[in-house]
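Chains E and Z, in that order, give the protein sequences.
For what it's worth, this note's numbering labels the leading residue of the first sequence as 1, then goes sequentially.
For what it's worth, this note's numbering labels the leading residue of the second sequence as 110, then goes sequentially.
Read the hints as simulated data drawn from the structure, not as lab findings.
All values derive from a computational prediction rather than experimental measurement.
Among the clues, some could well be false.
[Claimed, not checked] Derived pair list, reagent style DMTMM-like, types lysine to aspartate or glutamate, alpha-carbon separation capped at 20 Å:
#	chain 1	residue 1	chain 2	residue 2
1	E	K3	Z	E214
2	E	K96	Z	D165
3	E	K52	E	E66
4	E	K96	Z	E168
5	E	K69	E	E31
6	E	K52	E	D67
Residue strings, one per chain:
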Amino acid sequence: DAKTTQPTSMDCAEGRAANLPCNHSTISGNEYVYWYRQIHSQGPQYIIHGLKNNETNEMASLIITEDRKSSTLILPHATLRDTAVYYCIVASGTYKYIFGTGTRLKVLA
Amino acid sequence: NAGVTQTPKFQVLKTGQSMTLQCAQDMNHNSMYWYRQDPGMGLRLIYYSASEGTTDKGEVPNGYNVSRLNKREFSLRLESAAPSQTSVYFCASRGDLTVHPKNTEAFFGQGTRLTVV
Numbered sequence: 001d002a003k004t005t006q007p008t009s010m011d012c013a014e015g016r017a018a019n020l021p022c023n024h025s026t027i028s029g030n031e032y033v034y035w036y037r038q039i040h041s042q043g044p045q046y047i048i049h050g051l052k053n054n055e056t057n058e059m060a061s062l063i064i065t066e067d068r069k070s071s072t073l074i075l076p077h078a079t080l081r082d083t084a085v086y087y088c089i090v091a092s093g094t095y096k097y098i099f100g101t102g103t104r105l106k107v108l109a
Numbered sequence: 110n111a112g113v114t115q116t117p118k119f120q121v122l123k124t125g126q127s128m129t130l131q132c133a134q135d136m137n138h139n140s141m142y143w144y145r146q147d148p149g150m151g152l153r154l155i156y157y158s159a160s161e162g163t164t165d166k167g168e169v170p171n172g173y174n175v176s177r178l179n180k181r182e183f184s185l186r187l188e189s190a191a192p193s194q195t196s197v198y199f200c201a202s203r204g205d206l207t208v209h210p211k212n213t214e215a216f217f218g219q220g221t222r223l224t225v226v
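Extracted from the complex, chain E is given alone in its bound form:
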């Protein structure tokens, strides 16, 4: 499974869009990009995933570059409750599901 690289931390003003990047330059053709977040010490919560097309749901948007080597998670209007650690994972049907170190997002009032 491909590895991912994320910035250690980011700040975002409340009400602004939070753009969280993820690099996955060794991604293979059958691997999906997944995003999760973890608030405090709770279990991680699924946000969104995609293969090659951009995806949007009620929580966020996922933008995947055409070469699929990187992606960006967009929280369109960040709130204080979005303060969390965000994890980007690349995985296929090989069943191994490896988390990286994630990005600690702090939303500032």
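Please build the complex by placing chain Z on the supplied structure of chain E, with the hints as guidance.
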């Protein structure tokens, strides 16, 4: 709909004691996982099970054993607990890519906070 249930929620062990962490899911998922998370760190995969009757090592399997008892249950056993195993343990289950690619997100339990003294 309970999702993924872990027991116990908290546990204190003495060095050398053994215990089993229990995990059950009610979503009919084939894949199940055990992770540990040390303070301020990300999740590290201990073991996973792609289907009933199969288990495989993850990133940090030493000191642990697992059993996939049936499709619903996946347990993690510490045979001789050590202080280095003090951590929060998360169990997860995940839908199969081969069944439907839209339903392959992982669902996590609330964690077991284990302290080994």
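Checked hints:
1. In summary, the hint linking K3 (chain E) to E214 (chain Z) is supported, as the alpha carbons are separated by about 18 Å, within the 20 Å threshold.
2. Our distance criterion of 20 Å between C-alpha atoms is met by K96 (chain E) and D165 (chain Z), whose separation comes to about 9 Å.
3. Distance check on the hinted pair: K52 (chain E) and E66 (chain E) sit about 7 Å apart at the alpha-carbon level, within 20 Å; holds.
4. Proximity of K96 (chain E) to E168 (chain Z) is assessed by CA-CA distance (about 10 Å); at most 20 Å being required, the pair is judged to hold.
5. Annotation: proposed proximity of K69 (chain E) to E31 (chain E) holds, straight-line Cα distance about 11 Å (limit 20 Å).
6. Restraint check: the Cα-Cα separation between K52 (chain E) and D67 (chain E) comes to about 9 Å, which is no more than 20 Å; the hinted pair holds.
Figure legend: structure checked against the earlier numbered hints; every hint is met.
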